[in-house]
Every structure is written in structure tokens, then in C-alpha cells.
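Read top to bottom, the protein sequences are chains A and B.
Letter by letter, the first sequence follows residues 1 to 144 of the numbering used here.
Letter by letter, the second sequence follows residues 145 to 279 of the numbering used here.
Certain hints may be false.
[Unchecked claim] Here are a few chain A residues that face chain B, going by a calculated C-beta distance under 10 Å: (1) His-26; (2) Cys-29; (3) Thr-40; (4) Met-51; (5) Thr-80; (6) Val-82; (7) Phe-85; (8) Pro-100; (9) Lys-110; (10) Val-126.
[To be verified] Cross-link-like lysine to aspartate or glutamate pairs, in silico, EDC-like; alpha carbons within 20 Å at most: (11) Lys-31/A x Asp-225/B; (12) Lys-257/B x Glu-103/A; (13) Lys-257/B x Glu-195/B.
Hints were generated in silico from the structure; no laboratory data involved.
Where a beta carbon is used, it is the ideal one built from N, C-alpha and C, also for glycine.
For reference, the chains in residue letters:
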Amino acid sequence: MSCSATRSIIYIVMAIQNMKNPESDHIFCFKEDSSKEGRTLSHVQVGGVFMSRLVIDPGVVTGNYFYTNTHVLMSIESGTVVARFEHVHTKEKRELQLKPGEELVEIPKKVASATKNIGNEKAVIVFFSDKPLRTSEAFHYKVF
Amino acid sequence: MSNQNFITVHPFALDHSTAGRVLFASEVGGVHVSRIEFEPGFELGHHYHKETLVTCYTGIGSLCVVFEDVVTKAQQEIRMDAGGCAIQIPTHVAFTMKSIGSSTASLVLFSNKKLNTDDNYIYEVTPPSDQTSTP
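Next up, chain A with everything else stripped away, as it sits in the complex (with noise of 0.2 Å):
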């Protein structure tokens, strides 16, 4: 794991490591956004860490970012998607068929990505970050 990412991790771990507040409310809220037709992403941040939960229609296709500063986890929850990766710089590329209860992908900073549903039904891919997806840090870049 490189320098960058294992900062990020230990963010993440760090984070983790201070929500312990029990006299807190301990219930957090996703927030939606429906702004992109076939598509919908919820999030909800807990201390330090993003959670986010997307829901994609069949055939339809998200993503298509990078991040220059932030660390993604992800992983399936439903659905059958393919995901294509590419970092930005080196150019090298990879693509995954992923299913529920399979692998978590670490994405790292400057690679970009993007995921097809691939299925007949809703697919829900959920992520984990550092900080929170779709923001001002987030660049278009073209993989699927």
C-alpha cells in the first residue's frame, strides 16, 4: 500500500477510534440525491467516515470520476455491476464483474471509476471515504 493510502487508512481507523461519545445521539440520517435520472446516492458521515449507498438501474452506467485527495472503499450489496478502473496518470486499466459478498476495492487517489449495472434489478454498490464523494475534488475522466 503506498504512503498516500495508508495515510487515508489511518484517517479512516482514526476517525473510527473517536465517535466513541455515548451521551451522543448515535442515529445518523441518509441524506438523497436523485439528481441524476437512473441513479440514486445516499450518503450519511459518522465522525470522520462517508458512508455511501448507491442505487443503480439496470443498463445504466455512474461514475466516470476521480479524486485527487480521497480514499474509496466499495463493495456490492445487490446486483451483479462491472466496474472499470484507470489511473490517470499511468494509464493502466482494469475491470471487475462484482457481486455481493465477494471483494472490497480499495481505490486509491487519481485512479478513476466507474460501474455498469449489469443485471435485470436494482443493484446497490455501497462506499466508504475519508471524505465525502462527489465533491468540488472529484474530476470527470472517462473509463467506461
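For this one, chain A is given, so just place chain B on it according to the hints.
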């Protein structure tokens, strides 16, 4: 060997040891990411943690969750639907979670320690609806 500047794929380890649920667990740099699949009607929990801090939310389906502070005995019952709310479970708060839908439900969890280890302390949580009052 993985390229440290490119994606890394971490496989989930599967635990089928309990009928009615499957636990998927992975770890990235000390962060434990887990998911639990519940068959309809399956219930788990009735324990609390002393050191493990857990944040979780429902990935698919619906769960009924009851929490009880093991010191104050204060209870809270919550219905957790997919995409609804995330819950932070403090230490010394016991819980029980039951799948209340007609299809598989899943729970997505994020914790500072591996789940299902020696930090589980058995504690029977009686849901408010199951408690009988005496006249």
C-alpha cells in the same frame, strides 16, 4: 503482487457457522468492513461489546433492532430500512437485530475490531413488545 498506486481487491472471508446468517469480513489497514446476510426472520445479537465500536446500516431489506444499555437498562427499538439511517453502537450497549422482511436482508458494518471475536459478551435483550407487565 498488487500495484500500490492502483486498485487493491480484498476478498471477503465467509463465515457460515450459524444457520440463518452469513458473515462476510474483510480488513483494510486496521479497518474492518463486514456485511451480514440475514434469512427472513433470522435474529442475531443478544450481546454487547466492551471495546468494539460498530457503525452499521441496512444494505438491503429491513431489520428491527433493539438496543439496551447494560448499565442503565434504557432501551430503544428502531426499524432499519435499506438506505434509511446508519447507527453507531457504543460499547456496553447490547443489541438484537431481526430480519423482518420476506426476502434476504443485509447489514453493512464498519468497526475498529474484527466482529464475532472474544469481545462479545452475552446479554439477553427483551424487546419492549415481548415484555409482560404485572398488574
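Proposed interface contact between Lys-110/A and chain B, which counts if any beta carbon pair is under 10 Å: Nearest chain B Cβ about 8 Å off; hint holds.
Proposed interface contact between Val-82/A and chain B, which counts if any beta carbon pair is under 10 Å: Violated. Min distance 14 Å.
Hint check: 10 Å Cβ-Cβ cutoff, Cys-29/A to chain B: holds, 4 Å
Minimum beta-carbon distance criterion (10 Å), Val-126/A to chain B: Nearest chain B Cβ about 5 Å off; hint holds.
Supplied contact hint for Phe-85/A, tested at 10 Å Cβ to chain B: holds, 5 Å
Evaluation of the interface hint that places Thr-40/A against chain B, nearest CB under 10 Å: holds, 8 Å
Agreement of hint Pro-100/A with chain B interface, Cβ distance less than 10 Å: With a closest approach of 7 Å, the Pro-100/A hint holds.
Given pair status - Glu-195/B, Lys-257/B, alpha carbons within 20 Å: Since the Cα atoms of Lys-257/B and Glu-195/B sit roughly 8 Å apart, the hinted pair holds (cutoff 20 Å).
Hint status (Cβ of Met-51/A to nearest Cβ of chain B, threshold 10 Å): This hint holds: Met-51/A lies near chain B, its Cβ roughly 6 Å from the closest one there, short of 10 Å.
Hint check: 10 Å Cβ-Cβ cutoff, His-26/A to chain B: holds, 4 Å
Given hint Thr-80/A near chain B, where the shortest CB pair must fall under 10 Å: violated, 14 Å
Pair hint outcome, Lys-257/B versus Glu-103/A [Cα-Cα no greater than 20 Å]: Roughly 19 Å separates the two Cα atoms, so the pair holds.
Checked against the numbered hints given earlier, the structure breaks hints 5 and 6 and satisfies all the rest.
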